[in-house]
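Since each chain comes alone in its own frame, lean on the hints to assemble the complex.
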Amino acid sequence: MTTSLLEKHRGLSERYGRMMEAGENAVGLTNDRIVSPTRALINGRETILAGTNNYMGITFDPDCIAAGKKALEEFGTGTTGSRIANGTYAMHGELERVLAGMLDRKHCIAFTTGYQANLGMLAGLAGPKDTVFLDADSHSSIYDGCALSGAKLVRFRHNDAADLDKRLARMEDDGGGRLVVVEGIYSMVGDRAPLDEFVEVKKKHEFELLVDEAHSFGVLGPNGRGLADEAGLEDDVDYVVGTFSKSVGAIGGFGAGNQDMFEMIRYASRPYMFTASASPASVATSIASIKKLQAEPERRTQLAKNSKRLFEGFRDLGLETGCDVVSPVIAVRCPDEPSTITMWNMLLAAGVYVNIALPPGTPGNICLLRCSVSAAHTDADIDRIIALFGEVVAAG
Amino acid sequence: MDARDQEIFDAVTELLGQFNAESIELKPETDISGDLNIDSVSVMDFVMEVEDKFDIDIPLNLLSETRTIAELINVVKTRSGA
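Those sequence lines, one after another, are chains G and B.
Just so you know, the first sequence maps onto residues 1004 to 1399 in this note's numbering.
Just so you know, the second sequence maps onto residues 18 to 99 in this note's numbering.
Isolated chain B (complex conformation) (with noise of 0.2 Å):
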């Protein structure tokens, strides 16, 4: 992980701490939904908070193939233009 990579996965950590209801320890290849076990709302309501704090939008039809940590921060790279 560069010095980008883990500063969105400090970011991203951070915002997903309030869903994280059973306190798993968040690795990049933590599967978000899977491994917390957080509805699809929930998910859903997560991702907002990510799109606000790096200022993107992240289509929903885009989170299908972004199932851990890891490729989340592909994709904020990706859509932030990064």
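Chain G with its partners taken away, still in its complex shape (with noise of 0.2 Å):
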């Protein structure tokens, strides 16, 4: 007799129902209306929100909305079609071309989602043959990319230059490539990888440098590209992912390089070929999106601005940061699952939401209550989420 498919996930259900049973759905929210990129109406009563990854706080800007507005009514509602057969219109080429400019890149390729650049770049970079050396924290993206691949996969440990160079010593030179993967800002507790530390390995050991920019894209560096940038580090790195979905404020992905041959990852990666490119509308808001966060360098200084206040009223509470590092990811550490429900679910009652994030989506098996501040936060905006958070985690 054959089992369910579905019985294996009885472990899962029951710890949904333990969550569902302390209150609203923590991993599936409803927002009834999005009021701004602040502000969004949840169960009728209107919220703050302070856990969308929405840096810039660009979602609501008119000259994007009217972009896409008119990208949606030259173009149609979507491009029912890959990127490789009737899917690449105009505006593809020029979201490559105004991103690849502003990455100082030769070569940009747009996917549709952030989820698939890191699928895409990995699946057409590594192969069976090749070795990637990912950091023990990466994204799931990452991890499944890397599956992907068919790649020899080793894990080193988290922001550990001389585990890294351990590892890189102790496998043997099979002849393959080697593709080191680490990420500008991590996205559950804040931190940033050592590049600096990561580029001294590479004059040790031959392989080629990934840095997924995702959060840290349009957030840090002197031009808006990134830890690369803000480290000056950037002709060390080969090869450059990040995601339109946060500080872009729409929905997709790309990867970039300077390699003659990197316009071969279209022709070889499965999550490019295969998947429908995003649609006209996405295209044109990530295209006046870009622009402005390359013409508007004050909402990157705002954001900074927000997020060290956040950190230190969170740091004069007590709280437990995710990390000693300011950045626009600030997460609170928390004792346990039942208790980190029960927190954040007040929260919510009190009129802010954030993100819960429970093992194994975070490092080391901790519980985090996970902020993401934005530049369109004011400082009331601040002051009121650390004020319920004094009363909600510090007092409990």
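What the hints contain is simulated information worked out from the structure, not anything from laboratory work.
Treat the hints with care, since some could be wrong.
[What the hints assert, rightly or not] As a list, the in silico DSSO-like pairs of lysine-lysine whose alpha-carbon atoms are at most 27 Å apart:
# : chain 1 : residue 1 : chain 2 : residue 2
1 : B       : K70       : G       : K1205
2 : G       : K1311     : G       : K1294
3 : B       : K44       : G       : K1132
In this text the structure is predicted, and so the values were computed from the model without any measurement.
Set out below in structure tokens:
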């Protein structure tokens, strides 16, 4: 007798049931209406959004909306096809050129989502004869991209260049390529890769380096290009990956590089070839948004100011943050899953939405209430979030 | 189990202790993820400890066919050239 395929999810179902008994669906909350980049109506109540990754607060920018409307009217609701068939419009090329210009890279490929950008880049770069060394705390899209590539996967300790050095030295040279993958800002606790240390390892061992700037593109660096821009190490980074669903405020992702053969990823990468291209409205809003990120560096300055205000407010309350470095991702460590769920519900009921982050989606089995700061938050918003964390989390 | 197997078994079960929250008895046929009810990330963290203990690399793509402690012992022996 065969087993029901879904039976394997029995434990997950029980865990979900426990969460629902405690209150709202913390992993699928419905926004009934989005009022602004920092406000939504949830259960009939206007709620401060402090967990949306809407770093630049650009989602309601009038110019971006106008660009999206124009594209919708002129090019229709969807492309109904892949980039390698009928789904390449002039605007897809324009998006890639605008982005390549901002990144100061020769080549850029746009993907339909950020998740697919990592799948597409990793599967397009690495193959079964290659080895990918990935940071232990990498995003799931990196793990999944590595799995899709068929490459040998070696995991090194989080942000530990010495551990990478050891693993590179230990792995015999099998003649295949080597790719090291790190992230600009890690999405759960907000810490950054020590890029200078990894670049030092690169001088000792031969490998190519990919930096996923999903949470740092638009956010870090004098040109908003991410961690490598901030660290002044862009020449040492071979490939950049990023997303349009955070600072750009749309949906999609990208990979970029300077290599002559880079464009061949389009014809070798299944996540690029076998999915429909991004819709006209999304592509047009991405183009408008990226131009704004370049032209309006004050958004980054405001975001950094807001992030510092929230970080210091949490520290003053005595809360244990996920890391010691200020970034727009500011997570608060909680004792265990039941108390985290309870506090998340209390914060929501008091008028602030944050992300709940639970194992195995977090490093080291920690439970987090994760905030992401927006340039559109006002000082009053930040102070309200701090006050509510004081009432709910610090007092708890 | 020969002496080398026993040596690896002892080291592996000691490393597994911190992930075995329910203190389940560890045997060669114990399914590391299924029987101990530990999630995929914890399994990878445990394997990292095994790698460092034996100074070997165990690529993650080898793990899909490695479920029990006995199978892990064989991977350790193979990867360390024993």
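We went through each hint and held it up to the structure:
Using a Cα cut-off of 27 Å, the hinted pair K70/B and K1205/G holds, with the two alpha carbons roughly 25 Å apart. Taken as a hint, the K1311/G and K1294/G pair is honoured in the structure, with Cα atoms around 26 Å apart against an allowance of 27 Å. About 35 Å separates the Cα atoms of K44/B and K1132/G, which puts this hinted pair outside 27 Å; it is violated.
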